[in-house]
Amino acid sequence: MVRKFEIDLRQIILAVALMVAGLASIYTLKVTELIIFGKNFTSIGLLICGLVFYSGVLVIVAMFKDETYLSIALLLPSIIAVAIFVYGFIGWSVRVSLSQWKGLLPDYTWAGLSQYTYLFHDARFLIDVRNTAVFTVGFIAGCLILGLGIAILLDQKLKGESIFRSIFLFPMSISFIASGVVWGWLMNPATGSRITGINLIFKSLGLDFLISLWHSTPMPWGMAFTVIPAVWQLSGFTMALYLGGIRSVSEDIREAARVDGATEFQIYRYVILPMLRPVTLSAVIILGHMSLKIFDLIVALGHKDIRLDVPGIYMWTTTFDGTNYAQGAAIGILMLVSVAVLVVPYLVQNMRAETEL
Amino acid sequence: MNRRISLKFLFYFILIALALVYLLPVYLLVLTGLKPLNQVDLQTMWALPISGLHIDNFIAGYKQLAPNINNSLMMVIPEALLSALLGSFNGYLLSKWKFRGSNLIFTLILFGMFIPYQSILIPLVKFMQYIKLYGDLPGLVLVHIIYGIPITTLIFRNYYAGIGTEIIEAGRIDGANLMSVYRYIMLPLSAPSFAVVIIWQFTQAWNEFLFAVILTNQSHWPVTVALNNLAGSQLVQWNVLMAATLLAALPTLLVYIFLGRYFLRGLMAGALKG
Numbered sequence: 001m002v003r004k005f006e007i008d009l010r011q012i013i014l015a016v017a018l019m020v021a022g023l024a025s026i027y028t029l030k031v032t033e034l035i036i037f038g039k040n041f042t043s044i045g046l047l048i049c050g051l052v053f054y055s056g057v058l059v060i061v062a063m064f065k066d067e068t069y070l071s072i073a074l075l076l077p078s079i080i081a082v083a084i085f086v087y088g089f090i091g092w093s094v095r096v097s098l099s100q101w102k103g104l105l106p107d108y109t110w111a112g113l114s115q116y117t118y119l120f121h122d123a124r125f126l127i128d129v130r131n132t133a134v135f136t137v138g139f140i141a142g143c144l145i146l147g148l149g150i151a152i153l154l155d156q157k158l159k160g161e162s163i164f165r166s167i168f169l170f171p172m173s174i175s176f177i178a179s180g181v182v183w184g185w186l187m188n189p190a191t192g193s194r195i196t197g198i199n200l201i202f203k204s205l206g207l208d209f210l211i212s213l214w215h216s217t218p219m220p221w222g223m224a225f226t227v228i229p230a231v232w233q234l235s236g237f238t239m240a241l242y243l244g245g246i247r248s249v250s251e252d253i254r255e256a257a258r259v260d261g262a263t264e265f266q267i268y269r270y271v272i273l274p275m276l277r278p279v280t281l282s283a284v285i286i287l288g289h290m291s292l293k294i295f296d297l298i299v300a301l302g303h304k305d306i307r308l309d310v311p312g313i314y315m316w317t318t319t320f321d322g323t324n325y326a327q328g329a330a331i332g333i334l335m336l337v338s339v340a341v342l343v344v345p346y347l348v349q350n351m352r353a354e355t356e357l
Numbered sequence: 001m002n003r004r005i006s007l008k009f010l011f012y013f014i015l016i017a018l019a020l021v022y023l024l025p026v027y028l029l030v031l032t033g034l035k036p037l038n039q040v041d042l043q044t045m046w047a048l049p050i051s052g053l054h055i056d057n058f059i060a061g062y063k064q065l066a067p068n069i070n071n072s073l074m075m076v077i078p079e080a081l082l083s084a085l086l087g088s089f090n091g092y093l094l095s096k097w098k099f100r101g102s103n104l105i106f107t108l109i110l111f112g113m114f115i116p117y118q119s120i121l122i123p124l125v126k127f128m129q130y131i132k133l134y135g136d137l138p139g140l141v142l143v144h145i146i147y148g149i150p151i152t153t154l155i156f157r158n159y160y161a162g163i164g165t166e167i168i169e170a171g172r173i174d175g176a177n178l179m180s181v182y183r184y185i186m187l188p189l190s191a192p193s194f195a196v197v198i199i200w201q202f203t204q205a206w207n208e209f210l211f212a213v214i215l216t217n218q219s220h221w222p223v224t225v226a227l228n229n230l231a232g233s234q235l236v237q238w239n240v241l242m243a244a245t246l247l248a249a250l251p252t253l254l255v256y257i258f259l260g261r262y263f264l265r266g267l268m269a270g271a272l273k274g
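Chains as they are written, first to last, in this note's numbering: chain H, 1 to 357; chain G, 1 to 274.
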């Protein structure tokens, strides 16, 4: 018979020592506070002491012959953190959104779905929904078209491919805030003698008909221009995804098509494009979830201009400037629902595919 | 054959034109930063500096942002290192020690990567106030580590999944247990994915805005929050603002320029099976 549990005295002493040390330091921190460099580290200290105690538990779990227990026990801290900070907090937010909490003091008086019905009739929220739709469509279309176009161009075995690739990708490393600040100046809507930015370039090139009010264009099309910096930042990423996909189509398949008399154009149209469908799906999921929660870029570009409002900004101002917590939570939950509709089927499908393997 | 050559010429033309457009914002930042303070009319935005190169704007921009750049560094470095360690552990366990339901747990963890943080913001603020980590950098580090668990776990799990089970089985026959397989077999092979995760978490945390603006008070603002505030204020000239923007973007740009290979892998891992 295989023994399920192997007792080792030294290990037990170590485990007890760790657990006692953890508990003792937790007790100490409960009584006093931990101050390092003038910062209050008490909570972080408690967390670390808790982990010391837990490592004692782990030493005992490690004595089981079946190491699956140890695997689960080692994962447990992360699972608990995600369970609280993602799922617990979502549940808490839902509860807040069903309450009457308005003002700094929590008020969990039941209010049913009144926040949601209010939002569906609220002029500002409807503007936000339309703005998000305009942004999402423009952003995804722009990234996919430019990304695929550039990827096909770079697939032509041109000299300097890696330099081009780096140039198209670098905007991804910059923050939405920095990008919004620069593009805010580039897309300056001033006219006449104060003309500047890209409009100034258009004017000096004699392309006056291109001069634009950019994101100050009247609603709803001003929002369409906020797509420009976003596409600038993420079309390179889309390009990299597509280029990876194109390169994974083997040269044999292309050669076979050539032997059958296909032109280079036909090879892309009928052989490579259909094989890129999974890449497009990944790209749409990634870009789509980013655009549904777009926030910092619009903050930096529009400075809370109501014409460029999006749910993320509405949630922020309602909650932290207007202290209407119930309504802020409801906006947050509606944002979550929109992202979940896009992402959950994809995640479930991925999980099923992997479980079958 | 002639048609092929003219087609190539056209391709180069399109690529170069596009590249110039992509570089336009950086050109503007560098150009404006190098002009003297008396030469920054909006009407001559695109003109080259006539009277030599100056760095006054960068000095002025640095004066504005220095404390915040410091805050960002103090936040980002421990965050990236601890995130990577945690992710490596999770990725190892979820790829090599699968148990019943481990795929479900992984999927549930992964979902945390996609949520709009507005949907957890109110509880988060209340919780951070309750545990007295609100307003300062240690709290922000903790929040970034926890919400970084999904992506770091994903990158390491994909990486470890590519390491054959033979090497682990060989180790098992030699008597290695769960911990020693990690310590002596997996960890020495992990350097590339540690680079990817550290660079990715560094960039993400440096560029992040929402948590930073909500969870810190003014003296602990990271650089994104300070830059946004600078851009909204009437007191700062636009040329100083451009120089400050370049300084704020510089660390992640440098990481991209020198370690772009790892940066790209992080991006690809973000695209799930990409």
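If you're looking for bench data, these hints aren't it; they were derived computationally from the structure.
No experiment lies behind these values; they were computed from the predicted model shown.
A few of these clues could be false.
As the list claims (entries may be wrong) - Examples of chain G residues lying across from chain H (beta carbon under 7 Å, computed):
| hint | residue |
| --- | --- |
| 1 | 10 |
| 2 | 11 |
| 3 | 20 |
| 4 | 112 |
| 5 | 118 |
| 6 | 123 |
| 7 | 178 |
| 8 | 209 |
| 9 | 224 |
| 10 | 245 |
| 11 | 248 |
| 12 | 250 |
| 13 | 256 |
Unchecked claim - Derived DSS-like pairs (lysine-lysine); straight-line CA-CA distance at most 27 Å:
| hint | chain 1 | residue 1 | chain 2 | residue 2 |
| --- | --- | --- | --- | --- |
| 14 | H | 304 | H | 102 |
| 15 | H | 30 | G | 132 |
| 16 | G | 63 | H | 4 |
| 17 | H | 4 | G | 98 |
| 18 | G | 96 | H | 39 |
| 19 | G | 132 | H | 39 |
| 20 | H | 4 | H | 65 |
| 21 | H | 65 | G | 96 |
Unchecked claim - Just the calculated beta-carbon pair ranges, DEER-fashion:
| hint | chain 1 | residue 1 | chain 2 | residue 2 | range |
| --- | --- | --- | --- | --- | --- |
| 22 | H | 355 | G | 12 | 46 to 52 Å |
| 23 | H | 133 | G | 172 | 34 to 40 Å |
| 24 | H | 208 | G | 12 | 43 to 49 Å |
Glycine included, every Cβ here is placed at the ideal spot set by N, Cα and C.
Here is how each hint holds up against the structure:
{"no.": "1", "hint": "10", "in the structure": "violated, 10 Å"}
{"no.": "2", "hint": "11", "in the structure": "holds, 5 Å"}
{"no.": "3", "hint": "20", "in the structure": "violated, 9 Å"}
{"no.": "4", "hint": "112", "in the structure": "holds, 4 Å"}
{"no.": "5", "hint": "118", "in the structure": "holds, 4 Å"}
{"no.": "6", "hint": "123", "in the structure": "holds, 4 Å"}
{"no.": "7", "hint": "178", "in the structure": "holds, 5 Å"}
{"no.": "8", "hint": "209", "in the structure": "holds, 4 Å"}
{"no.": "9", "hint": "224", "in the structure": "holds, 5 Å"}
{"no.": "10", "hint": "245", "in the structure": "holds, 5 Å"}
{"no.": "11", "hint": "248", "in the structure": "holds, 6 Å"}
{"no.": "12", "hint": "250", "in the structure": "violated, 10 Å"}
{"no.": "13", "hint": "256", "in the structure": "holds, 4 Å"}
{"no.": "14", "hint": "H:304 <-> H:102", "in the structure": "holds, 22 Å"}
{"no.": "15", "hint": "H:30 <-> G:132", "in the structure": "holds, 13 Å"}
{"no.": "16", "hint": "G:63 <-> H:4", "in the structure": "violated, 65 Å"}
{"no.": "17", "hint": "H:4 <-> G:98", "in the structure": "holds, 19 Å"}
{"no.": "18", "hint": "G:96 <-> H:39", "in the structure": "violated, 40 Å"}
{"no.": "19", "hint": "G:132 <-> H:39", "in the structure": "holds, 11 Å"}
{"no.": "20", "hint": "H:4 <-> H:65", "in the structure": "holds, 5 Å"}
{"no.": "21", "hint": "H:65 <-> G:96", "in the structure": "holds, 17 Å"}
{"no.": "22", "hint": "H:355 <-> G:12: 46 to 52 Å", "in the structure": "holds, 48 Å"}
{"no.": "23", "hint": "H:133 <-> G:172: 34 to 40 Å", "in the structure": "violated, 54 Å"}
{"no.": "24", "hint": "H:208 <-> G:12: 43 to 49 Å", "in the structure": "violated, 29 Å"}
Hints 1, 3, 12, 16, 18, 23 and 24, counting from the list given before, are not met by this structure.
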